[in-house]
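Chains Z and U, in that order, are what the protein sequence lines are.
For the first sequence, position 19 matches number 19 in my numbering, and the numbering has no gaps at all.
For the second sequence, position 149 matches number 149 in my numbering, and the numbering has no gaps at all.
Rather than coming from a laboratory, the hints here were simulated on the basis of the structure.
For glycine and all other residues, C-beta sits at the position ideal for the given N, C-alpha and C.
It cannot be assumed that every hint is accurate.
[Stated by the list, open to error] With a straight-line cut-off of 20 angstroms between C-alpha atoms, the simulated SDA-like cross-links for lysine to any residue are:
#, chain 1, residue 1, chain 2, residue 2
1, Z, Lys120, U, Ser279
2, U, Lys86, Z, Phe309
3, U, Lys86, U, Lys126
4, U, Lys91, Z, Glu205
5, U, Lys126, U, Tyr209
6, Z, Lys149, U, Ala260
7, Z, Lys219, Z, Ala254
8, Z, Lys120, U, Lys86
9, U, Lys121, U, Tyr209
[Unchecked claim] Per the computed footprint, the stretches of chain U lying under chain Z, defined by three or more beta-carbons under 8 angstroms from a beta-carbon of chain Z, are:
#, segment
10, 71–84
11, 92–103
12, 159–168
13, 175–184
14, 256–263
[Stated by the list, open to error] Calculated Cβ distances over 12 angstroms to all of chain Z for the following chain U residues:
#, residue
15, Ile7
16, Asp39
17, Lys54
18, Leu108
19, Ala109
20, Thr127
21, Ile135
22, Ser136
23, Leu141
24, Leu151
25, Leu156
26, Leu230
27, Ile233
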Amino acid sequence: MKMKAFFSKLKDIRLNRWQRILLIIVLAGIVISAPYIIEDNYVLHILILCGIYVCLTLSLNLIIGWSGQFSLGHVCFYGMGAYITTLLITQQNMGFFQATLLSTLLTSIFAMLLCLPTLKLRGDYLAVITLGFGEVFRLFLTNAVDLTKGPAGIPNIPDPVLFGFEISSKQAYFYFIAIVVAVFLFFMKRFNNSGFGMAMMVVNEDDIAATALGINVVKYKLWGFVIGGGMAAMIGSFYAVYMGMISPTSFAYAESIKMVSMVVLGGMGSIPGSVLGAVLLTALPEVLRSFSEYRMVVYGALMVIMMIFRPEGIWARSNRMLNEYKIRAFESVKK
Amino acid sequence: MFFQHLINGIIVGGIYAMVALGYSMVYGVLQIVNWAHADVLMFATFIGLILATKLNMPVLVMIILAAAFAAILGMSVERVAYRPIKSGNRKMAVLVSALGMSTFLQNLAQLIFGSTTRQFKAIESKTYMVGGLSISNLQILILVVTAIMLLILYILVYKTKVGVAMRACSVSVNNAKLMGINTNLIISGTFAIGAFMAGVAGILIGVYYSAVYPTMGYLLGMKAFAAAILGGIGSIMGSVLGGFIIGIIECLGAGYISPAYRDAFAFLVMIVILVIRPSGLMGAKRIDKV
Chain Z
1 MKMKAFFSKL KDIRLNRWQR ILLIIVLAGI VISAPYIIED NYVLHILILC GIYVCLTLSL
61 NLIIGWSGQF SLGHVCFYGM GAYITTLLIT QQNMGFFQAT LLSTLLTSIF AMLLCLPTLK
121 LRGDYLAVIT LGFGEVFRLF LTNAVDLTKG PAGIPNIPDP VLFGFEISSK QAYFYFIAIV
181 VAVFLFFMKR FNNSGFGMAM MVVNEDDIAA TALGINVVKY KLWGFVIGGG MAAMIGSFYA
241 VYMGMISPTS FAYAESIKMV SMVVLGGMGS IPGSVLGAVL LTALPEVLRS FSEYRMVVYG
301 ALMVIMMIFR PEGIWARSNR MLNEYKIRAF ESVKK
Chain U
1 MFFQHLINGI IVGGIYAMVA LGYSMVYGVL QIVNWAHADV LMFATFIGLI LATKLNMPVL
61 VMIILAAAFA AILGMSVERV AYRPIKSGNR KMAVLVSALG MSTFLQNLAQ LIFGSTTRQF
121 KAIESKTYMV GGLSISNLQI LILVVTAIML LILYILVYKT KVGVAMRACS VSVNNAKLMG
181 INTNLIISGT FAIGAFMAGV AGILIGVYYS AVYPTMGYLL GMKAFAAAIL GGIGSIMGSV
241 LGGFIIGIIE CLGAGYISPA YRDAFAFLVM IVILVIRPSG LMGAKRIDKV
């Protein structure tokens, strides 16, 4: 109960403009100085992974939390982005930037095509269809040896060159992902406050009421998948160049499950929740490393315990905010 | 060759059907997907392996004991991971809790039994030739056990008082409670029956492929779940039908198209059927919102 009160107090804090700018400057300072303070490359690696998962969780949360479609095959978009970018870089000698743009576009189109036949499904059925797509995608990666080099994966992906800088060290990658996370967070914040995002949330809450408000339900459901899939593809591209090699094992079903756990644990439709969930579930196995072989057992048990005590997630979207959104969505549609 | 593939498909399909029933019955009563189902199956198979190799038990006794263990484990999973979750977006919370339970069981098995693949030789395998088709004594055992299990389940659900209570719960848990049915008991019972069937299925598939390992539940569980969805989750007849369809299509696809994509066929068929008929082959059409 105490924790609940603490969180609801924390959630109700509203910063004014100067406080917000100050907060951003402090956070930026911490991020910029982090690689100088942390000398351990392994810790830096974990931080980069945290960044990757924060972005992935945000993109999946857009599909699950905002557009209200339960996708268990997010790894499909993530992996598709990684593989298309890698193939474009290694075989077509394309730059990282262009390759990422193209793979994001292609993945978004694929996401839309995937979404079209599944629009009339909901809940668990949609979850299973997306899960099936993820599984078929992984089998394709494993078996289409000519294209993807099969289970061995594609090695030696060159480091990206962005605006004349070659990004190769852990420090450089850390700054890179920090910028990406910042852009994603900014985008989600703007998206959340836009009429578009609010309308999507209303569709999620009650699609019949949304129809009555004059909101085109199908359009918003489609856009949920398109935007979320595209974002995941971008992060997939980053993952590919960061790791330097990709193989189908990185895009197995367990990854999708991990992402869904992060979304639900953090809180559906909540931006701070996504960050918390992603960082917690990425860092937890590392913190539990001292338990060595027991750590995954403890991890599973903790997931159960957390859901029993906070079933709505750590940082759930508050109802007051939701009502505000509904009113504003209605007004934005009326215009 | 066609009939050979068909027979293999029916045998694997029977096992899928038994596992699918566990998913389907739990979904029918609680409208949640029991993601830890496949891991309960794996645990039971390991117990069966130990009973058979360390204690030299006869096969039938071993199957019954291991499946009983699965039933207890299944009930405990419901008690620990599902029942305490009451508020919030319950469906999502239960999902994550179930995934946590699944991780827990899988890694616990790895700790206790090790992560290597173990052989499971409970019965000497013999192959008979019948009219140009080869069929082994293992396959006959699987067919017989599957048939008996499905028959028992049918009688239990459609011919007994407990079955009536279970079906009442699947229509509406709250209304069943008003009619004086001890719904908590029925829910526990549903988990126990589903886990029992899964335990039997796990041992049969472990003996059939002679391989037991901590992640064996995953693919088997996925396909069984696909079968349950395909047949219409919540419907008992649908799950059995779905199991056989998935098994047969998988074996035919592996035989005629490409063995590498063997696992993909199950999912592709499921996707196609769901797109054409969203509530599954025999699922009742439900209106979620009006």
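Now the hints, each set against the structure:
Simply put, Lys120/Z and Ser279/U have alpha-carbon atoms about 10 angstroms apart, close enough for the 20 angstroms limit, and the pair holds. Proximity of Lys86/U to Phe309/Z is assessed by CA-CA distance (about 10 angstroms); at most 20 angstroms being required, the pair is judged to hold. At most 20 angstroms may separate the alpha-carbon atoms for a hinted pair to count; Lys86/U and Lys126/U exceed this at roughly 52 angstroms. Simply put, Lys91/U and Glu205/Z have alpha-carbon atoms about 15 angstroms apart, close enough for the 20 angstroms limit, and the pair holds.
For the hint linking Lys126/U to Tyr209/U, the alpha-carbon distance of about 14 angstroms falls within 20 angstroms, and the restraint holds. A hinted pair counts as satisfied when its Cα atoms are at most 20 angstroms apart, and Lys149/Z with Ala260/U qualifies at roughly 15 angstroms. A threshold of 20 angstroms between alpha carbons decides the hint, and for Lys219/Z with Ala254/Z the separation of about 30 angstroms lies outside it, so the pair is violated. Between Lys120/Z and Lys86/U, the direct Cα distance comes to roughly 28 angstroms. Violation of the 20 angstroms bound is thereby established for this hinted pair.
Pair hint Lys121/U plus Tyr209/U holds up; C-alpha atoms about 9 angstroms apart against a cutoff of 20 angstroms. With 3 residues carrying a beta carbon less than 8 angstroms from a beta carbon of chain Z, the segment 71–84 of chain U meets the three-residue requirement, and the given coverage holds. Proximity of the segment 92–103 of chain U to chain Z, defined as three or more residues with a beta carbon under 8 angstroms from a beta carbon of that chain, is established by the 11 residues found. By the rule of at least three residues with a Cβ nearer than 8 angstroms to a Cβ of chain Z, the coverage given for the segment 159–168 of chain U is violated, with 0 such residues.
With 0 residues having a beta carbon nearer than 8 angstroms to a beta carbon of chain Z, the segment 175–184 of chain U misses the requirement of three or more and the stated coverage is violated. Here's how the segment 256–263 of chain U fares: 4 of its residues keep a CB closer than 8 angstroms to some CB of chain Z, so the rule of at least three is met and the hint holds. Under the 12 angstroms C-beta cut-off, the non-interface status given to Ile7/U relative to chain Z holds; the minimum distance is some 25 angstroms. The non-interface label for Asp39/U is inconsistent with chain Z: the shortest C-beta to C-beta separation is roughly 10 angstroms, within 12 angstroms.
At the 12 angstroms boundary, the C-beta of Lys54/U stays outside the reach of chain Z, the nearest C-beta of that chain being 23 angstroms off. Remark: the non-interface label on Leu108/U conflicts with the geometry, its nearest Cβ contact in chain Z lying 5 angstroms away (cut-off 12 angstroms). Once the 12 angstroms rule is applied to beta carbons, Ala109/U is inconsistent with being away from chain Z; the minimum gap is 10 angstroms. No Cβ of chain Z approaches the Cβ of Thr127/U within 12 angstroms, the least distance being about 30 angstroms, so the stated non-interface status holds.
With a least beta-carbon separation of about 29 angstroms from chain Z, Ile135/U lies farther than 12 angstroms from that chain, consistent with its non-interface assignment. Look at Ser136/U: its CB is around 28 angstroms from the nearest CB on chain Z, clear of 12 angstroms, so calling it non-interface holds up. Every Cβ of chain Z is farther than 12 angstroms from the Cβ of Leu141/U; the closest lies at roughly 30 angstroms, confirming the non-interface assignment. At roughly 28 angstroms, the least C-beta separation between Leu151/U and chain Z is larger than 12 angstroms, which holds for a residue marked as non-interface.
Annotated as non-interface, Leu156/U keeps its C-beta farther than 12 angstroms from every C-beta of chain Z; the closest such distance is 25 angstroms. The claim that Leu230/U is not at the interface with chain Z is violated, since a C-beta of that chain comes within 12 angstroms of its own (minimum 9 angstroms). Not every C-beta of chain Z lies more than 12 angstroms from that of Ile233/U, the closest at about 7 angstroms, which undercuts listing it as non-interface.
When the structure is compared with the earlier hints, violations turn up for hints 3, 7, 8, 12, 13, 16, 18, 19, 26, 27 and for no others.
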